[in-house]
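Number of protein chains: 2
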Amino acid sequence: MPDSPGGGTGAPATLRYRADAVVPCDGSGRVLRPGVVEVSGSTVTYVGPDDSRTTETGGHPVREVRVTGALLPGLVNVHCHSPMTLFRGSGENLPLDRWLKEVLWPQEAHLTQEDVYWGMTLAASELLCFGVTTTCEAYFHEDALTDAVVDAGSRAVVTPGVLQLPGTGSGDDWWEARTAEIVAFHGRRHGQEGRIEVGFAPHAAYTVPVPVLADIARAARGLDALFHIHLAETEAECTLFAAEHGQSAPALLAAAGVLDGRVLAAHSVWLSDEDMAIYERHDVAVAHCPQSNAKLASGVAPLVEFLARGIRVGLGTDGPASNNDLDLWEEIRLAAMVARIREKDAGALPAGAALDLATRGGGLALGRPDLGVLAAGSQADMMAVDLDSPAFVPLLEDGQLIEHLVWSGSSRLVTDVWVAGTRVVENGRCLTVDVERASAEVNTRARRLVQAAG
Amino acid sequence: MPDSPGGGTGAPATLRYRADAVVPCDGSGRVLRPGVVEVSGSTVTYVGPDDSRTTETGGHPVREVRVTGALLPGLVNVHCHSPMTLFRGSGENLPLDRWLKEVLWPQEAHLTQEDVYWGMTLAASELLCFGVTTTCEAYFHEDALTDAVVDAGSRAVVTPGVLQLPGTGSGDDWWEARTAEIVAFHGRRHGQEGRIEVGFAPHAAYTVPVPVLADIARAARGLDALFHIHLAETEAECTLFAAEHGQSAPALLAAAGVLDGRVLAAHSVWLSDEDMAIYERHDVAVAHCPQSNAKLASGVAPLVEFLARGIRVGLGTDGPASNNDLDLWEEIRLAAMVARIREKDAGALPAGAALDLATRGGGLALGRPDLGVLAAGSQADMMAVDLDSPAFVPLLEDGQLIEHLVWSGSSRLVTDVWVAGTRVVENGRCLTVDVERASAEVNTRARRLVQAAG
Numbered sequence: 001m002p003d004s005p006g007g008g009t010g011a012p013a014t015l016r017y018r019a020d021a022v023v024p025c026d027g028s029g030r031v032l033r034p035g036v037v038e039v040s041g042s043t044v045t046y047v048g049p050d051d052s053r054t055t056e057t058g059g060h061p062v063r064e065v066r067v068t069g070a071l072l073p074g075l076v077n078v079h080c081h082s083p084m085t086l087f088r089g090s091g092e093n094l095p096l097d098r099w100l101k102e103v104l105w106p107q108e109a110h111l112t113q114e115d116v117y118w119g120m121t122l123a124a125s126e127l128l129c130f131g132v133t134t135t136c137e138a139y140f141h142e143d144a145l146t147d148a149v150v151d152a153g154s155r156a157v158v159t160p161g162v163l164q165l166p167g168t169g170s171g172d173d174w175w176e177a178r179t180a181e182i183v184a185f186h187g188r189r190h191g192q193e194g195r196i197e198v199g200f201a202p203h204a205a206y207t208v209p210v211p212v213l214a215d216i217a218r219a220a221r222g223l224d225a226l227f228h229i230h231l232a233e234t235e236a237e238c239t240l241f242a243a244e245h246g247q248s249a250p251a252l253l254a255a256a257g258v259l260d261g262r263v264l265a266a267h268s269v270w271l272s273d274e275d276m277a278i279y280e281r282h283d284v285a286v287a288h289c290p291q292s293n294a295k296l297a298s299g300v301a302p303l304v305e306f307l308a309r310g311i312r313v314g315l316g317t318d319g320p321a322s323n324n325d326l327d328l329w330e331e332i333r334l335a336a337m338v339a340r341i342r343e344k345d346a347g348a349l350p351a352g353a354a355l356d357l358a359t360r361g362g363g364l365a366l367g368r369p370d371l372g373v374l375a376a377g378s379q380a381d382m383m384a385v386d387l388d389s390p391a392f393v394p395l396l397e398d399g400q401l402i403e404h405l406v407w408s409g410s411s412r413l414v415t416d417v418w419v420a421g422t423r424v425v426e427n428g429r430c431l432t433v434d435v436e437r438a439s440a441e442v443n444t445r446a447r448r449l450v451q452a453a454g
Numbered sequence: 001m002p003d004s005p006g007g008g009t010g011a012p013a014t015l016r017y018r019a020d021a022v023v024p025c026d027g028s029g030r031v032l033r034p035g036v037v038e039v040s041g042s043t044v045t046y047v048g049p050d051d052s053r054t055t056e057t058g059g060h061p062v063r064e065v066r067v068t069g070a071l072l073p074g075l076v077n078v079h080c081h082s083p084m085t086l087f088r089g090s091g092e093n094l095p096l097d098r099w100l101k102e103v104l105w106p107q108e109a110h111l112t113q114e115d116v117y118w119g120m121t122l123a124a125s126e127l128l129c130f131g132v133t134t135t136c137e138a139y140f141h142e143d144a145l146t147d148a149v150v151d152a153g154s155r156a157v158v159t160p161g162v163l164q165l166p167g168t169g170s171g172d173d174w175w176e177a178r179t180a181e182i183v184a185f186h187g188r189r190h191g192q193e194g195r196i197e198v199g200f201a202p203h204a205a206y207t208v209p210v211p212v213l214a215d216i217a218r219a220a221r222g223l224d225a226l227f228h229i230h231l232a233e234t235e236a237e238c239t240l241f242a243a244e245h246g247q248s249a250p251a252l253l254a255a256a257g258v259l260d261g262r263v264l265a266a267h268s269v270w271l272s273d274e275d276m277a278i279y280e281r282h283d284v285a286v287a288h289c290p291q292s293n294a295k296l297a298s299g300v301a302p303l304v305e306f307l308a309r310g311i312r313v314g315l316g317t318d319g320p321a322s323n324n325d326l327d328l329w330e331e332i333r334l335a336a337m338v339a340r341i342r343e344k345d346a347g348a349l350p351a352g353a354a355l356d357l358a359t360r361g362g363g364l365a366l367g368r369p370d371l372g373v374l375a376a377g378s379q380a381d382m383m384a385v386d387l388d389s390p391a392f393v394p395l396l397e398d399g400q401l402i403e404h405l406v407w408s409g410s411s412r413l414v415t416d417v418w419v420a421g422t423r424v425v426e427n428g429r430c431l432t433v434d435v436e437r438a439s440a441e442v443n444t445r446a447r448r449l450v451q452a453a454g
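Here the protein sequences come in this chain order: A and B. 1 is the number of the first residue of the first sequence in my numbering; add one for each residue after it. 1 is the number of the first residue of the second sequence in my numbering; add one for each residue after it.
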């Protein structure tokens with residue numbers, strides 16, 4: 001861990017990373033070749049061209065670190081159920097409703113805290129190696145999940161799931177108790193290590209009663225916490241919901257006051273114009289999950305229209321049981337491809353806009369302008385990308401670097417990753433997780449869960 | 001090159017590769033864990049479970065090679081213009097017709113043999129590292145292209161392009177001369193090193209007159225050579241063609257006798273039922289290019305219907321200017337995803353069927369049952385895939401290996417690659433190409449071409 005801040009003095013030492021290129025992803029579209037990122041403790045203090053920094057900074061000692069390749073902000077994965085590495089490749093080729101009811105939920109009812117710890121730990125090693133430094137996690141056994149994130153040196157918005165699984169929850173009182181449990185969890189762990197934020201994740205409008213959703217939304221608003229929900233994922237779900245309630249889920253939730261706080265709506269594939277207007281009015285952010293929506297045949301969300309309306313959008317891999325990896329680079333490229341198919345426009349979602357979704361856009365979707373960007377004041381979450389690859393050839397102008405990152409770049413080119421200023425991946429190897437141990441644990445536990453579900 | 005066949009004796013020594021798993025991709029869906037592949041010279045002589053091979057083979061000496069991970073056949077990329085690495089990231093965000101006319105063709109008119117050699121060489125290093133051992137190449141300056149393939153130790157079906165570019169070809173005689181040139185090229189290079197096959201690639205029905213296509217098809221049939229053409233790629237192209245000719249391109253080509261030989265139709269996105277019936281009757285094979293078709297907003301080809309009709313289908317990356325890499329792993333996964341979007345069916349194109357397209361299916365689409373498969377008599381083109389990755393966790397049954405290869409596998413897991421029995425990639429490093437030199441050449445030449453085109 002050569003780059004941890006030096007101890008002993010009052011203020012942390014400044015580390016000055018000199019890179020062949022810096023892509024700040026700050027909305028400017030600029031590429032600094034070469035570039036400098038300065039980090040003090042867990043925070044970025046300066047980003048600029050290389051030639052501008054030759055002196056000491058503010059009287060504090062400066063240590064120089066040479067980075068081969070390009071520095072980018074760590075990617076932000078805004079919709080994930082990472083511990084589901086335990087269920088990777090389980091129940092393939094089923095549509096969402098059958099997959100949930102026949103395969104997933106019967107196994108999830110048997111999950112233990114330790115299962116979730118190891119599922120999340122294996123996932124964290126994958127995510128970090130891919131350059132994904134923040135995930136927004138919707139899952140159960142939130143203490144174990146948080147332990148794993150803390151231990152892996154990663155960053156997460158942990159939004160504990162609210163859902164009555166067969167055998168683990170039922171009755172009206174259960175909803176209230178579960179909500180209180182998350183409020184207590186928030187008190188206990190929100191802000192831990194500066195890397196954990198806590199929110200709420202009631203599963204969906206078709207699985208959690210609307211009055212319960214309103215109660216949870218009120219609790220979330222009281223804590224200024226993220227309210228994270230699956231919304232309008234499949235056409236069948238939306239048709240059923242409208243038939244039962246006489247209106248769409250977004251309309252009903254808006255009327256019930258559910259959408260008044262910090263709301264993140266995952267999927268949002270099947271929305272009417274009126275639904276989109278509701279998102280716009282309530283500043284609902286979207287977690288766009290193109291690979292999950294394609295693999296499960298849910299459809300293609302109207303991404304271009306979201307962006308035209310100024311709706312905040314980030315990218316999510318969804319869980320590794322429906323994706324099946326946690327590689328956000330693939331989502332960047334796929335988001336552009338399915339947008340072009342949907343819009344019949346080869347100019348829809350240019351490379352810069354696609355990269356923005358996985359970086360700054362993801363941070364903004366979470367209400368976190370300090371994530372997914374390299375700028376003074378942002379979190380020091382970064383990745384170094386190897387530019388010595390045919391993927392970046394030819395490179396005729398600086399701006400082309402962004403085209404290449406999106407269209408021929410890949411997670412395989414990520415060499416080093418830092419979270420909150422600490423290096424967690426070096427030369428492609430995760431420094432914080434014993435991957436062999438985690439793999440063995442997940443294998444054993446996955447086998448037990450399949451057997452337990454019969 | 002530790003695994004090249006030992007010289008000196010009359011018959012080549014047999015190499016017995018013992019791998020943690022062998023996925024033969026022979027249509028059986030089986031996974032051998034552990035497994036054995038035996039290779040004599042450039043040919044596979046035996047594939048089976050590990051425990052079945054303990055003795056000498058046919059009196060010849062046997063050398064054992066231990067392979068960590070899974071052995072699969074090398075992937076087959078059935079539609080590519082690999083030297084277009086020279087144009088990677090050039091003219092982004094344009095639809096196909098404007099991209100061809102405004103960006104690409106003006107530069108291609110200035111190409112030299114040396115440009116094509118270096119463009120192909122850089123591409124070959126990428127392809128081999130991704131485990132792609134065969135490409136079907138449609139391009140110009142075919143001698144230089146072939147030199148590069150031979151030098152890189154790769155395998156190609158080289159189908160020289162026939163197209164009048166501004167400044168390089170015009171007039172009726174030109175077509176005849178160009179066809180004669182390809183016939184002579186076939187005589188000169190077909191079969192070279194056992195790794196080069198020669199065919200013909202007239203560009204498209206909307207750029208080459210139908211009588212010329214008929215002449216080329218006749219020449220191809222005379223040599224039993226592949227006739228490789230772009231067909232029904234964009235909706236606009238098909239609408240224009242029908243307005244001008246009163247029928248679809250497949251119908252007109254069938255009537256003109258163009259589809260009577262070994263025909264490979266790239267793209268084939270916009271086909272009517274009658275067009276598909278023509279493909280079926282004429283045994284026309286399809287090069288399905290999902291990423292190129294998505295990126296350029298051309299659409300999604302009716303893959304599931306092709307397969308239901310028994311039409312042969314392989315996967316193509318298309319050229320690196322419209323993809324932008326040559327990673328066939330991405331095409332496998334994308335083929336399944338866009339098929340599911342198109343069919344609204346989460347069970348469309350299961351993993352095994354998707355993998356088949358890039359292996360055995362690709363070989364069959366080229367009329368080459370000896371490619372894309374590990375079986376006695378097939379070419380010894382293989383790749384080793386690292387199984388010590390979270391991508392393969394959990395692994396609860398052998399068959400799940402195929403799900404994982406498709407849904408969480410990636411080119412980054414390819415460690416070693418062999419073509420015709422010779423190792424060309426070792427621990428992720430291409431042994432046959434000086435990648436640094438090739439990158440520098442492509443950078444310089446790309447810059448010159450942009451300037452030349454003004």
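Heads up, a few of these hints could be off.
Copies of the same chain look alike in the list, so a pair counts if it fits in one copy or across any two.
As the list claims (entries may be wrong) - Lysine to any residue pairs mimicking SDA-like chemistry, simulated, CA-CA at most 20 Å apart:
(1) Lys-344 / Glu-92
(2) Lys-101 / Gly-91
(3) Lys-344 / Gly-91
(4) Lys-101 / Ala-453
(5) Lys-101 / Phe-241
(6) Lys-101 / Ala-236
(7) Lys-101 / Asp-173
(8) Lys-344 / Val-300
(9) Lys-101 / Gly-347
(10) Lys-344 / Asp-51
(11) Lys-101 / Thr-207
(12) Lys-344 / Ala-375
(13) Lys-344 / Gly-299
In short, the hints are calculated from the structure, not lab data.
Structure-based check of all given hints:
no.: 1; hint: Lys-344 / Glu-92; verdict: between (30 Å within a copy, 15 Å between copies)
no.: 2; hint: Lys-101 / Gly-91; verdict: within (11 Å within a copy, 47 Å between copies)
no.: 3; hint: Lys-344 / Gly-91; verdict: between (33 Å within a copy, 18 Å between copies)
no.: 4; hint: Lys-101 / Ala-453; verdict: within (12 Å within a copy, 59 Å between copies)
no.: 5; hint: Lys-101 / Phe-241; verdict: within (18 Å within a copy, 49 Å between copies)
no.: 6; hint: Lys-101 / Ala-236; verdict: within (15 Å within a copy, 44 Å between copies)
no.: 7; hint: Lys-101 / Asp-173; verdict: neither (23 Å within a copy, 67 Å between copies)
no.: 8; hint: Lys-344 / Val-300; verdict: both (13 Å within a copy, 11 Å between copies)
no.: 9; hint: Lys-101 / Gly-347; verdict: between (40 Å within a copy, 16 Å between copies)
no.: 10; hint: Lys-344 / Asp-51; verdict: neither (44 Å within a copy, 54 Å between copies)
no.: 11; hint: Lys-101 / Thr-207; verdict: within (12 Å within a copy, 53 Å between copies)
no.: 12; hint: Lys-344 / Ala-375; verdict: neither (35 Å within a copy, 42 Å between copies)
no.: 13; hint: Lys-344 / Gly-299; verdict: both (15 Å within a copy, 7 Å between copies)
Violated hints for the displayed structure, listed by number in ascending order: 7, 10, 12.
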